[in-house]
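Undergrad: For the sequence shown, counting from 1, position 163 maps to 163 in full-length UniProt numbering; every step adds exactly one.
Hints should not be assumed to be uniformly reliable.
Said to hold, decoys possible - Derived DMTMM-like pairs: lysine to aspartate or glutamate, alpha-carbon spacing no greater than 20 Å straight-line: (1) K237 to D287; (2) K115 to D55; (3) K231 to D171; (4) K352 to D340; (5) K162 to E189; (6) K234 to E308; (7) K345 to D287; (8) K352 to D171; (9) K110 to E98.
Read the hints as simulated data drawn from the structure, not as lab findings.
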Amino acid sequence: MISNQILQNTIDGLKSITRTELCVCDIEGKVLATTFSEAETYGLQVNTFANSLADSQAIGGFQFFKIFDEHQLEYILLVEGTTDDTYMVGRLASFQVENLLVAYKERFDKDNFIKNLLLDNLLLVDIYNRAKKLHIETTVRRVVYIIETKNERDVSSLEAVKSLFSSRNKDFVTAVDERDIILVKEMKEGSAYEDLDRVARSVIDELNSIGILNVTVSYGTIVNEIKEVSKSYKEAKMALDVGKIFYTSENIVAYSRLGIGRLIYQLPIPLCNMFIKEIFDGKNPEDLDEETLTTINKFFENSLNVSETSRQLFIHRNTLVYRLDKLQKSTGLDLRMFEDAITFKIALMVVKYMSYMDRVGY
Numbered sequence: 001m002i003s004n005q006i007l008q009n010t011i012d013g014l015k016s017i018t019r020t021e022l023c024v025c026d027i028e029g030k031v032l033a034t035t036f037s038e039a040e041t042y043g044l045q046v047n048t049f050a051n052s053l054a055d056s057q058a059i060g061g062f063q064f065f066k067i068f069d070e071h072q073l074e075y076i077l078l079v080e081g082t083t084d085d086t087y088m089v090g091r092l093a094s095f096q097v098e099n100l101l102v103a104y105k106e107r108f109d110k111d112n113f114i115k116n117l118l119l120d121n122l123l124l125v126d127i128y129n130r131a132k133k134l135h136i137e138t139t140v141r142r143v144v145y146i147i148e149t150k151n152e153r154d155v156s157s158l159e160a161v162k163s164l165f166s167s168r169n170k171d172f173v174t175a176v177d178e179r180d181i182i183l184v185k186e187m188k189e190g191s192a193y194e195d196l197d198r199v200a201r202s203v204i205d206e207l208n209s210i211g212i213l214n215v216t217v218s219y220g221t222i223v224n225e226i227k228e229v230s231k232s233y234k235e236a237k238m239a240l241d242v243g244k245i246f247y248t249s250e251n252i253v254a255y256s257r258l259g260i261g262r263l264i265y266q267l268p269i270p271l272c273n274m275f276i277k278e279i280f281d282g283k284n285p286e287d288l289d290e291e292t293l294t295t296i297n298k299f300f301e302n303s304l305n306v307s308e309t310s311r312q313l314f315i316h317r318n319t320l321v322y323r324l325d326k327l328q329k330s331t332g333l334d335l336r337m338f339e340d341a342i343t344f345k346i347a348l349m350v351v352k353y354m355s356y357m358d359r360v361g362y
């Protein structure tokens, strides 16, 4: 169904061209859009005409026209005047509104198709049959983006993203829940992941420009077939979740850059508990004091370089060595040794993952 605002814009445009008053009503006689103030008084005539067999009729100084949507009566159009020119204006206006009905229905059908495609609700044969019917290419490169704002998604954010990609009729913007906006973006041959980052950045900048801050964009990998779009969507969803656990300072999260975080995210919680218990003998590495955790993180950031870490922490090299020795005594892990450092780093990430899953109720 076309919105009343679209109908109003259409007949306002027609009036400016033809200098003729127009009105669109539903079949019960309710005015949906009009260019003159007395339209409400024609409700009874509209209802009577709607129930007649005529497709057009002159009544009370107006031409009445029926507008159909696939043989189903949808609207009644009123055009002021009873001349041949008025009749011609009415026919052109009816044709315009009927074409709008077709265009909006196709748009709705495409949106519905994309949603079901993302959610894996279609059989393989249905994907290709419906794509052909909707004139959607099946063998182009696409990637799925998920755009999340910290608050519940509103109309302005969805419309802003749609406007950003409205000129590209091969891209699709939709939503499958109350929070996230989904962009299915067609990518040119030869596009690199730097190009994907640029698209994500443009979305964030657009939303920031209208006052929507704290936006996170995740995306999956580029797929070559329409049947694989749901795969890219699942990857983008995982990237969004993994980003909330391990990359909280990032507002663009790519599935291809998740690294070990992606592996940890797929571990069962009982296995994580067993790992932490074996490594730390039941202790929680998050219980370490703030000074020790800061030292460890800075040591990892500097690739286990003692001199650079002590310089950045503004402490003497011997002080850092003392802290590392103290940690070794309490955990049995010497972070100056690569294998122990890897074990400790993974353990910290596992604990972070477990805390997140506990918070969200998994």
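Undergrad: Can you give the numbers of the hints that this structure goes against, from lowest to highest?
TA: Hints 1, 2, 5, 6 and 8 contradicted; others consistent.
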